[in-house]
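Make a model of the complete structure from these sequences and hints.
Line by line, the protein sequences give chains A and B.
One point on numbering: in our numbering, the residue at position 541 of the first sequence is 757, and numbering is uninterrupted.
One point on numbering: in our numbering, the residue at position 123 of the second sequence is 339, and numbering is uninterrupted.
These are computed hints drawn from the structure, not numbers from a lab.
One or more hints might be untrue.
Any copy, or any two copies together, can satisfy a pair, since identical chains are not distinguished.
[To be verified] Cross-link-like lysine-lysine pairs, in silico, DSSO-like; alpha carbons within 27 Å at most:
1. Lys-682 / Lys-585
2. Lys-585 / Lys-686
3. Lys-451 / Lys-441
4. Lys-511 / Lys-558
Letter by letter, the chains look like this.
There are 2 protein chains.
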Amino acid sequence: MTKEAQPPKWLKATIPMIFWLSVPTISQAQEEPIIHDAEQMILLQQHGERWAEEDEEISAFLAEIREANGGKPPNIVNILLDDLGFGEIGMPDLDVIRGYSTPNISQLADEGLSLMRMYTEASCTPTRVAMMTGRMAVRTGTTEAKAVVAGDGLSAWEVTLAEVLSEAGYETVHMGKWHLGDIEEAFATNQGFDYAEFPIHQQGQMAIMNETAEIEGMTMGQSPKLRADTLELDKTFRTNPHAMVYGVVGSKNGPLREVNFEAGEVFTQDHYNRMEEGYKNGTLRELERLSQGDKPFFLQWWPQLPISFTRSDIVEAQTMNGGPMAEATHRVDGWIGEVLDKLDELGIADNTLVIVMGDNGPFMQYVDKSGQSDRIYRGGKTDHLEGGVRTNAYIRWPVAIEAGARVQDMIHVTDLFTTLARVADAEEFIPRDRLIDGLDQTPMMIKGETYGRRDYAFIYEGPVLKSIVKQQYKFHLPPPGSNPIAAPIFDLYKNPREDRPVDAIYYGVGFGIPFVDMMKRHLGMKMQYPDREQAHDVPYGGIENLRPETQALVARMSAMKPK
Amino acid sequence: MTKEAQPPKWLKATIPMIFWLSVPTISQAQEEPIIHDAEQMILLQQHGERWAEEDEEISAFLAEIREANGGKPPNIVNILLDDLGFGEIGMPDLDVIRGYSTPNISQLADEGLSLMRMYTEASCTPTRVAMMTGRMAVRTGTTEAKAVVAGDGLSAWEVTLAEVLSEAGYETVHMGKWHLGDIEEAFATNQGFDYAEFPIHQQGQMAIMNETAEIEGMTMGQSPKLRADTLELDKTFRTNPHAMVYGVVGSKNGPLREVNFEAGEVFTQDHYNRMEEGYKNGTLRELERLSQGDKPFFLQWWPQLPISFTRSDIVEAQTMNGGPMAEATHRVDGWIGEVLDKLDELGIADNTLVIVMGDNGPFMQYVDKSGQSDRIYRGGKTDHLEGGVRTNAYIRWPVAIEAGARVQDMIHVTDLFTTLARVADAEEFIPRDRLIDGLDQTPMMIKGETYGRRDYAFIYEGPVLKSIVKQQYKFHLPPPGSNPIAAPIFDLYKNPREDRPVDAIYYGVGFGIPFVDMMKRHLGMKMQYPDREQAHDVPYGGIENLRPETQALVARMSAMKPK
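This is the structure in structure tokens:
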């Protein structure tokens, strides 16, 4: 509260000293302030006093709400959908374009807050890590969407939201896609969750490379039955996914068990659908259980849907689009309706904060037949373009958030870590020994538009910084060796598709310079707080019933284990 | 009612005879049915009986509403905005993307019906002709957006909606952009309007090539002051617009007078803004006058906005976008709010049908600095792509149309001619001696989604048929000489941007064949009802106060007048 944030020495030298005279801090429950990126210190210098006043008001409001709720902070239900970019859920005008509807998410939007400018990371694992740790994925080393058995994942050193909330007295449960690594320390149950049911990997193994897809001719290029291999020397090049672990179940720090799949079995779309329905039913079941406990709860349901490619999913099309992903988007919307109904039925809807959002843009390799498509923004998953990193995000919390509001303020997926920690009265458990990208956006959530505390984002593709957003402008970094003053800048209001750079005469020559300064400050902060490596280990540690084919796979992997 | 539609002989030969056994007709006030395109006869064969039943119900409902309104059909206020494609007005989720808002149009949408799949023509003049005549522009010869003094325009032979409604007892007024020709017979006052105030041409002359734009450096390429013309032999190549007629005023079949511009004067952005504000104020004034009369009225206000390019329009930016066209879109939305308020104030809102729509997609030559941009759909004005021919369209009529509904049924701008004629109880005045593309969509308007009567559209660029839409599919015609079975087909739900043709194996080889059949039927009907020429004449006939510079221009034009 009284202690002042101090910029690192090198940063002091790069911007005028005047900035560092008496910088107030965001009020903190503990003495030490949270360490944010350099850009935030600049905003703090400009808005710190106003923010400190707002923070007092907000803290009093949150305390009042806890008071009225028997002293407990709200329950949190965090629903993260896969590969759904901006305009794919909860916006009827846009659903129409694609010939399907998501009425339950639309209703949630009407009852809550629509975050109109949510930046995620460009891919599954990075977004999920960023949400869980409040740190951009690049800082944790988990920069790629994990696709195969790799023996790596989120380090135990990272502090997750589940750990923060556990410290504050929450009961924590994870259901569905996790995707933060296939090694023991990365598993949800070793990253703060009291109980979890989740697949170890992503959906490629399950929804694309299954037997149904092979029969339907979706994976002709993979199937040994569907191609003559006369000239094929290497018989292992094309992956056989059936040795990989599918879904596991377990409790905090305990062993995991693979479930619903036997040795020698072949995975089909039916397995996938049952697994997905299982996570949804598990979510409903856990809600009942958790609502009877004394603790506030943090329940995370991360569906693998709408990832779906085979026609056999569709008994009778429910959408005019008819593509498997459009059908699945509509289906998962119905499931979200079931979860929201359950909250009503249990009488806990008012004091439960519900988030529904997408994790990144559509994967352009999936579009077309799947029924998914790009729209509005250019690009998709893995791209630093807006199409890759802008998603719909809705938050409902009836006792605290005004119904039906839209905010255009910028927010980043890492902000959810910090914001939810504050809502849960758990800020003191946010670590102070590392750089936290997530900012506290509680004021915007409660007071609405113009109360946002972010006007910038650094966008990476994997480990490479690709663009810098500030206000409505986006600077695409030039390739190595090119002079950044010639790099293109886009006005996202005037050109949302990022295909016509601004005219340097119209916007002022040298418009790129402040972006270069931002880049230097951002990279400079890494001298003090370097990016870390992810963890490496033998895959599948702590899973007690590995199938023989999985054991053979682990033995091969162990031989190549990096130190 | 009893008489049956008969297909032309050649058409009978191309499709099975069974189609033509006992084809029922849409019920008509007069004996002769309206002549529609071949495609509609096929739909009529499939749905005629159901439609006839619905039509009886609808007619009874409309009669009831007239009864309750002192025997009068509703007033009609028809607001058509320029160069605003789909997603630019009335959709808050999409306004956000571009950093502006259109709250009044959004409110109109909430109070009325959103037509989510309105097809227009690809450019100003064609869309306006199509709306006025119920015929695709190609049938009337007015296929291009008129940009210069051309001595041509809509033929007197064509029958406009204003003429149809006049016959039925309406008082008719037009304010603002007209753009159907610069010759006497094409003027609004000679095409059915009792009174009109309108510019003769489009906005290029006024909003782009004015002195303000020159000073601001928008038109450096045009200005003789801003370029050295050392090697310029032809001093007339770059247009001097000031001799062209600007705005005129007049009454039915009477002379017109040019107003608010003197001989020798130079046009500025200020003139343009005053002109635009004048049409808006004239609309408010006419509403007051018309509301005191005994007749139902048809008041058409076609703003020239949001076309606007100079910064001097913007005293203080009202939008985060800040571009002149984004600012103007927000401004014209405010004006629409004034018109809607006036209807309330006059106590006539309930029995007034209000339409607000855009005429075609954004002109891609204007985007970027103007603040306008493409989004969702690919392409813009002049393109047959969805970006060129899809616009937002809203209809409010409180006593008849359910508030807040969206319909995904297809509608074409020509349908407004036929639909409004029916609403006005004026169907009998629709001519029966020509092909009318417009279908009666009153059932959809009143009964909602799935009551639409169209599942096809033929899309032209100028006089060239470029694509055929049927259901969710769009067939891009191949270039002359190419075999149409290889032409690309797009699934608009799965690929709204029309950049990934459907896979012929997935959709069935030969999927192009029914489109080729549609094309043949459509072109075949033209053997019986050929496309016509537009009218040609000396420009500016009947304008009684031409300035000396304009008279000189006309003299030059007269010398080249085509016979």
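Going through the hints against the structure:
| no. | hint | verdict |
| --- | --- | --- |
| 1 | Lys-682 / Lys-585 | between (30 Å within a copy, 25 Å between copies) |
| 2 | Lys-585 / Lys-686 | between (36 Å within a copy, 19 Å between copies) |
| 3 | Lys-451 / Lys-441 | within (13 Å within a copy, 75 Å between copies) |
| 4 | Lys-511 / Lys-558 | within (18 Å within a copy, 57 Å between copies) |
Of the numbered hints stated above, none is contradicted by the structure.
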